[in-house]
Amino acid sequence: MSHKLDAERILPQDPTPSRLSSISSFLLADYKILEPVEVELTSHPVTVEESQFEALLADGQCEV
Amino acid sequence: MRGIDQLDMTDRPHNHRLYIPTAPTTYTLELTSYCNNACIGCGNVFSRNLGEMLAERWVSLLDLLRPHLVNIRVTGGEPTLHRQFPQIIQSIDHLNVPFVLFSNGVWENRQGIIQALLDCHNLDGVLISLHGKNNQTHRQFAGHDSFAETVQSIKEATRAGLLVNTNTILTRANFQDVEEIAWLSLDLGAGSVAFSRYYGTPTPVTALSDNELMEAIESIHTLKAGDVPVRFNNNVPACFSGYPTKSCPAGITHCTIDPLGNVRPCNHAPVTFGNLFEHSIEEMWRSEKAHWWRNLIPQACYQCAEFDGCRGGCKAMALQLDRRRDPLMRRPLVQKLKRDVPRKLTLYEKAVPSKNFKMRQEDFGFLLVNRSRILPVALTAGPLLASLDGTHSLRAIEQQFGQEGLNFVGLMYREGLVRFDG
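Taken in order, these protein sequences are the chains called A and B. Residue 1 is where the first sequence starts when you use our numbering, and the numbers rise one by one after that. Residue 1 is where the second sequence starts when you use our numbering, and the numbers rise one by one after that.
Check the hints yourself; a few may be wrong.
Label-pair distances were calculated between CB atoms; the ranges are [claimed, not checked]:
#1 A:T42 <-> B:R66: 19 to 25 Å
#2 B:H94 <-> A:T42: 41 to 47 Å
#3 A:T42 <-> B:R57: 41 to 47 Å
Some, not all, of what chain B presents toward chain A, calculated at C-beta under 7 Å [to be verified]:
#4 Y19
#5 L260
#6 R339
#7 K344
#8 R414
What the hints contain is simulated information worked out from the structure, not anything from laboratory work. Glycine is no exception: its CB is placed at the ideal position from the N, C-alpha and C atoms.
Using the sequences plus the hints, can you model the full thing?
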């Protein structure tokens, strides 16, 4: 299982700041440290690298 | 240190705050104070002779905590030395809460322990301490010639199908061996390799200089950049290293319970909030002692752009050294550090997201928790969270909640709090 995010596929470009800022009303200030996400929808099924996101999660499981 | 902008008197500071839940979400259980290693920098702040509670007592204690348990870590001493280890592990497993075992891998009854772990349905994995690339360096920290036993346990546990990650405390004996330790662990079958900063009173073996610690941190980041599953396991203030760090959850979402039921903010903290057989966890979490602990976060840190990702370094370390703050702390950062996470997602409009978290309502909003992933969100997110019931497509969510709602679902997905079924 790869633990590296596929930057070429998932990060084609940096999203525009104006669209990203629209996420913030749901988040409390405490966690605005999180890098925002912009979602674009397509009409074709997209294979997302689910296992790689799971790897991100697994990273946090055994910490002290 | 890396080049980073730090606040001076002319900069406008950030003003962060903490969101304190009514009770912790992660519970570290110190089953026993006994250990078969003699680590010179033992992370336990209690006496080796503290003893241990019987399994029935642990079951009563876990019953008291049951409504709050989201994530459990089992540790010690060496937890497998508890005379009723299999029974306790079985009781924890029956709680239906994900848990992890921390161990030194020195297992006299290796096959019995592995089988007890294999019988668990909610065990995420085992974190085994490996303090060097060979016996010579391992024993400098572990205090015993236990390298061969530890290595054998990692090998046999992984072969049996358990997820094992290793953890190495960085010392003067091993800080230049990061790469070799990583490859050794992975060759033994470990899923990932963690390295930790030593928390405690410095000794000739553990007292890394700033430059030595940075050398190890840089080695870890070089390996990560090469797709090797390594990580830094605990907090090194971001203002010291210039890298994002583990945000300290101690006394906020995390507590440690010692072998007699006393509650501390973390394993390393020499501070007790009370005993669970005398006070409820909610009572202790809002106690003066708990406030005092949280107030150990230096005021300057609230002005730092990385506050939420760090929370003021290691307070336990500061206390143990009788200092006002983590000795690695520098000046607050002006800007957030860049994180290597996706910022744009392209998703199928008919994909149906569903919850991958437990949710608690708190005074400040909702706390979404999946193991160590914790996201406090505003009350206004309530209707959107309710729509993550496995029946609403992303397009439907966009129509109801706009691009803002869609982006929020994307963020939760990236953070492991949403999954797509089917």
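A quick look at each hint next to the structure:
no., hint, in the structure
1, A:T42 <-> B:R66: 19 to 25 Å, "violated (43 Å)"
2, B:H94 <-> A:T42: 41 to 47 Å, "holds (44 Å)"
3, A:T42 <-> B:R57: 41 to 47 Å, "violated (56 Å)"
4, Y19, "holds (5 Å)"
5, L260, "violated (21 Å)"
6, R339, "holds (5 Å)"
7, K344, "holds (5 Å)"
8, R414, "holds (6 Å)"
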